[in-house]
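Position chain E relative to chain Y; hints supplied.
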Amino acid sequence: MNKLLHQLPRVLGMVASLLLLTAANTAWAAIDGISGPVFNLTAKADYISAADGASIYAWGYANGNGAMQYPGPTLIVNQGDTVTINLSNRLPVPVSIVFPGQQGVTASGGSAGILAREAAAATGTVSYTFIASQPGTYQYHSGTQPALQVEMGLLGTLIVRPSVADPLHQAYGHAGTRFNHEYLFLLTEMDPAIHDQVAMQVAAGGAINVDTSAYHPVLWFINGRNAPDTMLDANVPWLPTQPYNCMPRMHAGEKLLMRVVNAGRDLHPFHTHGNNFTLLARDGRLLESAPGVGPDLASSDFTLRAVPGQTYDAIFEWTGKNLAWDVYGHTSATQALAPNEYAPDHGKPIPVILPNLQDLTFGANYSGSPYLGSFGALPPGQTMVNGAGGYFHMWHSHNEREIVNNDIFPGGMMTMLIIEPAGVPIP
Amino acid sequence: MSSVNLRKLLLPFALAALGAIAMPASAAVFVQCPGDTNGDAVPDAPGDPNVVCKHLAASDGFITMADGRVLYTFGYSDVTGTPPDQAVNTGLLAANFPAPTIELKEGNKFYLTLSAAGFAMRPDLFDPHTVHFHGFPNAAPVFDGMPEGSFGVNMGSSLTYFYNVVEPGTFLYHCHMEATEHMQMGMLGQLFVRPAQDGTQKTYNGKNYTSFVYNDGDGSTGYNKAYALQLSSMDHVFHEVHLGVQPLPFANMKDTYAMINGRGYPDSVNPNPLPAPAENGGLVSQKVSALVQLNRALEGEKLLLRLTNLSVTNYYTVGTLGLPMRVVGSGAHIARGPGGKDLYYETASVTLGGGESTDVIVDTAGVPAGTYFLYTTNLNYLSNNDQDVGGIMTEIVIQ
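Protein sequences, first through last, are from chains Y and E.
Read in our numbering, the first sequence has 186 at position 186, and its numbers run on one by one without any break.
Read in our numbering, the second sequence has 118 at position 118, and its numbers run on one by one without any break.
The hints are simulated quantities; they were obtained by calculation from the structure and are not laboratory data.
Accuracy of the hints is not assured; some may be wrong.
As a list, the in silico DMTMM-like pairs of lysine to aspartate or glutamate whose alpha-carbon atoms are at most 20 Å apart [said to hold, decoys possible]:
(1) E:Lys202 / E:Glu301
(2) Y:Lys321 / E:Glu167
(3) E:Lys341 / Y:Asp296
(4) Y:Lys321 / E:Glu106
(5) E:Lys341 / Y:Asp266
(6) Y:Lys348 / E:Asp78
(7) E:Lys109 / Y:Asp345
(8) E:Lys202 / E:Glu299
(9) E:Lys109 / E:Asp67
(10) Y:Lys321 / Y:Glu254
(11) Y:Lys321 / Y:Asp345
(12) E:Lys109 / E:Asp198
(13) E:Lys254 / Y:Asp345
(14) E:Lys202 / E:Asp363
Bound conformation, chain Y alone:
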C-alpha cells in the first residue's frame, strides 16, 4: 500500500494550494447554508463525484432553480421563525420532506403520503410550515420511500439559532453553549450499485424498483464529500453538486462547536484526535436535568457514537495543557507566553530526541517542527501542506473501513482539524 500512501502528499498538496488560493474569498466560514424563513427547494437528479473518480447518479434538493446538491441546502433559521418550505418536484417519483424533531408541521398542496404529504412526480408541489420553537441541530429528509430516496441523496441539515444576544456564537439558550467557531459534520454512506440501478430504470422510463436490502456501502461522506475532497474549499467549481466542505479550524483556547448529524443508516463512531469533546445536546435538546440549568448532564468522550438519525452538538477545546513541554518551542521562561499557553510548561524542552529525518516517513501535514506555528527541516522533495505551522489532527470514523474510497485508502469519512497558531485569521 506504500504506493498509495505516497500519492497522498500530492493530492493533499493540490488541496492545500486550493485552500490557500481561495481562502481570501471566504467572507464568513460559519456553516454554509441558506437563510429562511421561507425556502424554495426543488427535488431533482444530477451526478455527484466520489473521490475515487466515480460519477454517481443521485437525487437531491436544490435551492430554488440552483443545482441539485448533496446534501441538500443547510437551512438556517432563527428560533421562533415560522418556517415555510415550498417543495417542487422534478424527479420521476413522488417526493416529500419530513422534519424530525419539529412539532406541529403542517402541509398544504400535493397529495397524502405515508409520512408526509407528497409532491407528485415530475411537476408536483407541496408546502410545509412549522414554527422553529427549539434551537439546535436537526436533519430533514424525504419521507417518501425513505429507504431508497434518502440513500439517493434527499437529505439535509436544519439549524435553528437560539434567541440570544449573539446567536452566531451560542448553540442554545444557555451561556454554557457559547463557542468561537462552528462546523457541520453530516455523516452519510452510499452504495453506488443502487444508484446505478435507479439511473438505468429512470433512463428506461419504467417504474423504479430497487432492492435496498442488498445494501453494501463502499463510499463514506462528510457534508457530501469523501476525503480528501472534504478538505477542499466550499463551492469549488468542479464539485457543483457538492458545495459543502468540512475543514474545521481553531486556535488554542477556543471553543469549537461540532454539529454532528448521522443521516445514513449505519452507526459511525466519530473520533476526535487531539482531545475529548463535551457532548452538550442530542437531537436538538440540551443535556440538562431541568429547563434552564444548562448542560449539567453533558459528558466527555473521545469518540462520538453517532447512530442513524440522531444529531449531536459538542464542544471541542484544545490548549496543549499538561504535556510537560512547551508546544510553542519557547526555549526560555523569560520569553512572552503565547495566547492561551499553559504557563507551567512554558520554556520546557521536549524530553526526548526526535529521530533523524531518514528514520522517518513524514505526513504531508507535518510542518517539519513539533512546535505550533513553527517550521523545520524536511527531507528533499517532501510535500508539505501546512500554511502556518498548524497542528493537524485527524477527525474520522473509527470504523476505519469507512476511511477509504472503495478500495483506495485513505479517503471516506475523514477530515483534519487544524489548530492554527495565534494570529492566523479564521473567518
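Frame of chain Y; chain E shown alone:
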C-alpha cells in the same frame, strides 16, 4: 490457497528480509529511557519513580482463530529488557494479538520507544509504523502517531514517544499508519491509566476500597479486581490476500472472526497463553486470556471491566446474564457532568463503536457463585467464521 503453502512459497523472501534488516548506517534501534544506560529500556539506577519506559517492536506474525485457522497479522511485541542490538531480531515475526497491554498510573512520565522490525513475510513492504495513544488529552501531533500530521518510523529505526500522563481512565492504542490496513491486520492494544487516588482508602456504601477507576473523591468507582476486555474482529480473506501479496479488498471488508482479547470463544476462556502457531517459528502470540475470575472470599466483591472496541468494521453490544453492570465512565472520563453531577447508570448491556471505551463495575454482592457469561448481542458474531458457536463470548467465574 492455504496460508501454510504461501508461507513455504515466500520463505526465501522472508529470509532475504532478515538479511536486509541490516539497515543503512543511520538506521538503528535507539531507546530513550531516563536512567537506562544500556538501551534495554529498563532504568539501571534509581531515579524518578514516575518514569516508566517500554520498548515495542512492530512487525508481522501469525495467530490462531478459535476454529484452528491461522491468520497472518501485523502487530507489536514487547521487547523491553532486550538489548538494542537484538531488538529487531527479537521483534521480527513476533507480533502479538492483542498488543502488549500498557498499564500506567496518573503522574507517570511514559517513554515509549517503537522500533519497526520489518515484515518477515512481506519483504516487498516498507511500511513505517506508529503508536496512536487513542484518547490522550491535549495531544500534540508529534506524539499522536497520526502519520498524516506527523510521521511514522521506518524499518530498522526507532522513535520514542513521550507522554506526561495526567488523566486516568481506559484508553486504547493502535498503529495509525495506513490505519484501515494496519488495524485490520491486528495492531491493536489496551492502555489504561490508574488514578492518583489509587492506594488511598475510601469507604463507599460501608465497604473499603483502595483501587479506583477515577479520582472520584467518594470511593464510588472503587473496585477489588480489574480486567481489561478488548473487542476486535478480523476478516480472514483480507489477511489471506495480504499474505498472498494481492491488492487489498477494502471495499469488501467483512469481518468473519469476532474476538475478545484476541480470541474467539472458547479460546477466550483458556486462562493460559494460546499455543504458539508453527507459522511464526513457534512464538507465543496470543498471551492475553479473557477469562474473568473472582474469588470473593480472598479478593472482594467488586469487579471492574475495562471494555474497549477496536474493530474497524463493527460496533458491538456486550451484555451479561445474571450480573448487574454499572457504568462509571466512558472515553477515559468519569461519568459525571461538568458540575459534578453523577451520571452513573445500571445496565445489562453496553454498546461500543470502534474507538470507544466504557468502564463497568460489576458488584457481585449477593450473586450466587457460579459461571456467568459476557457475550455480544450482535448474535451473528457469536461465531468463529462458519462455526456458529464462538466469537465474542467469555466467562465470568464467581466463587
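Comparing the hints with the structure gives:
1. This hinted pair checks out: E:Lys202 and E:Glu301 have alpha carbons roughly 15 Å apart, not beyond 20 Å.
2. Straight-line distance between C-alpha atoms of Y:Lys321 and E:Glu167 comes to about 12 Å, which keeps the hinted pair within the 20 Å bound.
3. This hinted pair checks out: E:Lys341 and Y:Asp296 have alpha carbons roughly 7 Å apart, not beyond 20 Å.
4. A hinted pair counts as satisfied when its Cα atoms are at most 20 Å apart, and Y:Lys321 with E:Glu106 qualifies at roughly 15 Å.
5. The straight-line distance between the Cα atoms of E:Lys341 and Y:Asp266 is roughly 32 Å, outside the 20 Å bound, and the hint therefore fails.
6. Distance restraint check for Y:Lys348 and E:Asp78: the Cα-Cα separation of roughly 30 Å exceeds the 20 Å cut-off, and the hinted pair is therefore not satisfied.
7. Of the supplied pair hints, the one linking E:Lys109 and Y:Asp345 holds, its CA atoms being roughly 14 Å apart against a limit of 20 Å.
8. The straight-line distance between the Cα atoms of E:Lys202 and E:Glu299 is roughly 17 Å, inside the 20 Å bound, and the hint therefore holds.
9. Of the supplied pair hints, the one linking E:Lys109 and E:Asp67 is violated, its CA atoms being roughly 41 Å apart against a limit of 20 Å.
10. With a CA separation close to 13 Å, the supplied pair Y:Lys321 and Y:Glu254 stays within the 20 Å bound.
11. The straight-line distance between the Cα atoms of Y:Lys321 and Y:Asp345 is roughly 8 Å, inside the 20 Å bound, and the hint therefore holds.
12. Taken as a hint, the E:Lys109 and E:Asp198 pair is honoured in the structure, with Cα atoms around 17 Å apart against an allowance of 20 Å.
13. Straight-line distance between C-alpha atoms of E:Lys254 and Y:Asp345 comes to about 46 Å, which puts the hinted pair past the 20 Å bound.
14. Between the alpha carbons of E:Lys202 and E:Asp363 the distance comes to roughly 17 Å, so the proposed pair stays at or under 20 Å and holds.
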